[in-house]
Amino acid sequence: MTEPGQKAKLETKDLHLYYGAYHALRDITMDIPERAITAIIGPSGCGKSSLLRVFNRMNDLIPGASVRGEVLLDGAPVYGKDTDAVTLRKKVGMVFQRPDVFPMSIYDNVVIGPRHHGIRRRRRLDEIAEKSLTRAALWDEVKDILKKPGSSLAPGQQQRLCIARALAVEPDVILMDESCSALDPESTMKIEELMLDLAEKYTIIIVTHNMEQARRVSDMSAFMMIDENKVGTLVEYAPTMRLFANPKDKRTEDYITGRFG
Amino acid sequence: MRRFKEKLSGRIFFVLALSSISALALITVFIVAKGAPIFVKVGVRDFVFGMSWAPGHGEFGIFPMIVGTLSVTLGAAVLGVPLGICCSIFLTEFAPSVLKSVFRPAIQLLAGIPSVVYGFWGLIFVVPFIRDRIGGPGLSILAGSVILAIMILPTVIMISEVSILALPRQYKQNALALGLTHWQTIRSVMLPAAKSGIVAAVILGVGRAVGETMAVIMVLGNAVALPKSILDPVRTLTTNIGIEMGYASGEHQQALFATGIVLFILIMILNSAAQFITRRK
Chain A
31 MTEPGQKAKL ETKDLHLYYG AYHALRDITM DIPERAITAI IGPSGCGKSS LLRVFNRMND
91 LIPGASVRGE VLLDGAPVYG KDTDAVTLRK KVGMVFQRPD VFPMSIYDNV VIGPRHHGIR
151 RRRRLDEIAE KSLTRAALWD EVKDILKKPG SSLAPGQQQR LCIARALAVE PDVILMDESC
211 SALDPESTMK IEELMLDLAE KYTIIIVTHN MEQARRVSDM SAFMMIDENK VGTLVEYAPT
271 MRLFANPKDK RTEDYITGRF G
Chain P
1112 MRRFKEKLSG RIFFVLALSS ISALALITVF IVAKGAPIFV KVGVRDFVFG MSWAPGHGEF
1172 GIFPMIVGTL SVTLGAAVLG VPLGICCSIF LTEFAPSVLK SVFRPAIQLL AGIPSVVYGF
1232 WGLIFVVPFI RDRIGGPGLS ILAGSVILAI MILPTVIMIS EVSILALPRQ YKQNALALGL
1292 THWQTIRSVM LPAAKSGIVA AVILGVGRAV GETMAVIMVL GNAVALPKSI LDPVRTLTTN
1352 IGIEMGYASG EHQQALFATG IVLFILIMIL NSAAQFITRR K
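Protein chains in written order, with this note's numbering: chain A, 31 to 291; chain P, 1112 to 1392.
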């Protein structure tokens, strides 16, 4: 497992998130290291996914969502006046909970991003498709059936296709929102292995319900909970080994020892 | 007792359902029985491809009317379909909720306007406009196409809208997360995914255009001749029946029923195409 790099890829400072009048996240400050896996854990409804969606501005889709505080990607503001969410999302890719392949061929699924980002030459797209599928550990299984619909694959393969699709855009950061929770154990294992591989090149942030998974794959762990006002908050953020072996906060300890959640 | 009630209510629904089906069967049998003799007498080929319609002289060729129906319908589709699809995209993806709450009822109202009112409006407004600004007699394929385009809008808009709304929300999320713009997401992911529903919307709209009678009687000019341009008057299959049924008898009447058979087949083809496409998914 890689040691967390010193450089912070993403930083949040005093981050608050609101959905209209509803206060969803309070005062979150954390530095997410480059080329490492950071896991966000915590009970349901604590704002893990909301936090993840702050990083690629997916919350922009929700009417009334607003952010206060700072979020920096490579030192540049994510919510700056001149920041374009579309450009941001090319750098910060996302894989969702369910493998939502588009109703088109495997090949078209993979290259849809680059195709829309101005790459037209067939040979270049072919290269991207092969590279992304190889990196997502799917190439050998699909190289002869690239023209088949993406939906013809098994769910575990579909999720790797979604990962390949995200990789094809060549992001720096990959957000994974419970990306294994809809999969069988074998596919989960494959995707966990894949995460470890990818962490050598990418900054990965995962949201997971599965504490074992966080323990197995992540370098850093963030434990979140809702406070007495039902606002999501960051309780403890530390290297995974330390957080699980020696939690500083009583609530973290209760959660990881399975006393609630 | 309860079981008896259950059984009875089942029977009642069955009979009621049967009555609507049997109405369809009756109409079909009636039209075929009334219209078939003329096919036998004139021959299917001469009837469908005949150029001359002169019931008084025993000439029953409906080819100009088939061309009329097809040209007016095509015109309506060319004008109305892009407009309708764009409108449904606007309503589902761009319109603020205030606008939506105005647009939706307005479109439903559009569907509720009686066709004779469309025809009247076309006669008073569209026909003179075409005559004065574009040329020709005004009563024309173009006038009919414009009126029908407006009439099929509600069908095209509402059904396309439903099929876009029925898409999984995740398609949009995933596409945006890949750094696609909103419009790229719509064009490359959402519209292809909603394709079968949109095609069905178009076919149902076109079906409505093929069957429309009252509105087009008033604006088409109803001349039985092959049109040379979209500014020429034509007669459609429906208007042929509508205009002449009142005074037709004998073979003439049979020929009008036979016109109905041709129309019936045309619409059946469209409907089965719509079903085939929506089911293929």
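Keep in mind that the hints are not guaranteed to be accurate.
Once the Cα atoms are required to be at most 25 Å apart in a straight line, the calculated PhoX-like pairs of lysine-lysine come out as [claimed, not checked]:
(1) P:1283 / A:120
(2) A:177 / P:1211
(3) A:231 / A:120
Simulated restraints, written as ranges between beta carbons of each label pair [said to hold, decoys possible]:
(4) P:1205 / A:227: 33 to 43 Å
(5) A:275 / P:1294: 49 to 59 Å
(6) A:92 / P:1139: 36 to 46 Å
A short, non-exhaustive set of chain P residues, derived as facing chain A with CB atoms under 7 Å [unchecked claim]:
(7) 1235
(8) 1277
(9) 1290
(10) 1302
(11) 1307
(12) 1310
(13) 1322
(14) 1324
(15) 1386
(16) 1389
Calculated directly from the structure, the hints in this document are not laboratory data. None of these values were measured; they are calculated from a predicted model. A virtual CB, placed ideally from N, CA and C, is assigned to each residue, including glycine.
We went through each hint and held it up to the structure:
Simply put, residue 1283 of chain P and residue 120 of chain A have alpha-carbon atoms about 15 Å apart, close enough for the 25 Å limit, and the pair holds. Using a Cα cut-off of 25 Å, the hinted pair residue 177 of chain A and residue 1211 of chain P is violated, with the two alpha carbons roughly 39 Å apart. The suggested pairing of residue 231 of chain A with residue 120 of chain A holds, with an alpha-carbon distance near 16 Å, which does not exceed 25 Å. In this structure the supplied range 33 to 43 Å holds for residue 1205 of chain P paired with residue 227 of chain A, their Cβ-Cβ distance being about 41 Å.
Under the hint 49 to 59 Å, the C-beta atoms of residue 275 of chain A and residue 1294 of chain P, about 50 Å apart, fit the expected range. Restraint check, residue 92 of chain A to residue 1139 of chain P: a C-beta distance of roughly 53 Å breaks the suggested window 36 to 46 Å. About 44 Å separates the beta-carbon of residue 1235 of chain P from the nearest beta-carbon of chain A, more than 7 Å, and the hint is not met. Checking residue 1277 of chain P against chain A: minimum C-beta separation of about 13 Å lies over 7 Å; hint violated.
The beta carbon of residue 1290 of chain P comes within 4 Å of a beta carbon in chain A, closer than 7 Å, and the hint placing it at the interface holds. A distance limit of 7 Å between C-beta atoms decides the matter here; for residue 1302 of chain P the minimum to chain A is near 11 Å, and the interface restraint is violated. Against a cut-off of 7 Å between C-beta atoms, the interface hint on residue 1307 of chain P is violated, since the closest Cβ of chain A lies about 10 Å away. About 14 Å separates the beta-carbon of residue 1310 of chain P from the nearest beta-carbon of chain A, more than 7 Å, and the hint is not met.
For residue 1322 of chain P, the interface hint is violated, the least distance from its beta-carbon to any beta-carbon of chain A being 32 Å, above 7 Å. The beta carbon of residue 1324 of chain P is not positioned within 7 Å of any beta carbon in chain A (closest approach about 39 Å), and the interface hint is therefore violated. The closest approach between the C-beta of residue 1386 of chain P and any C-beta of chain A is roughly 20 Å, which is over the 7 Å cut-off, so the hint fails. Interface hint at residue 1389 of chain P: violated, since its Cβ lies 15 Å from the closest Cβ of chain A, which is beyond the 7 Å cut-off.
Of the hints listed earlier, those the structure fails to meet are numbers 2, 6, 7, 8, 10, 11, 12, 13, 14, 15, 16, in rising order.
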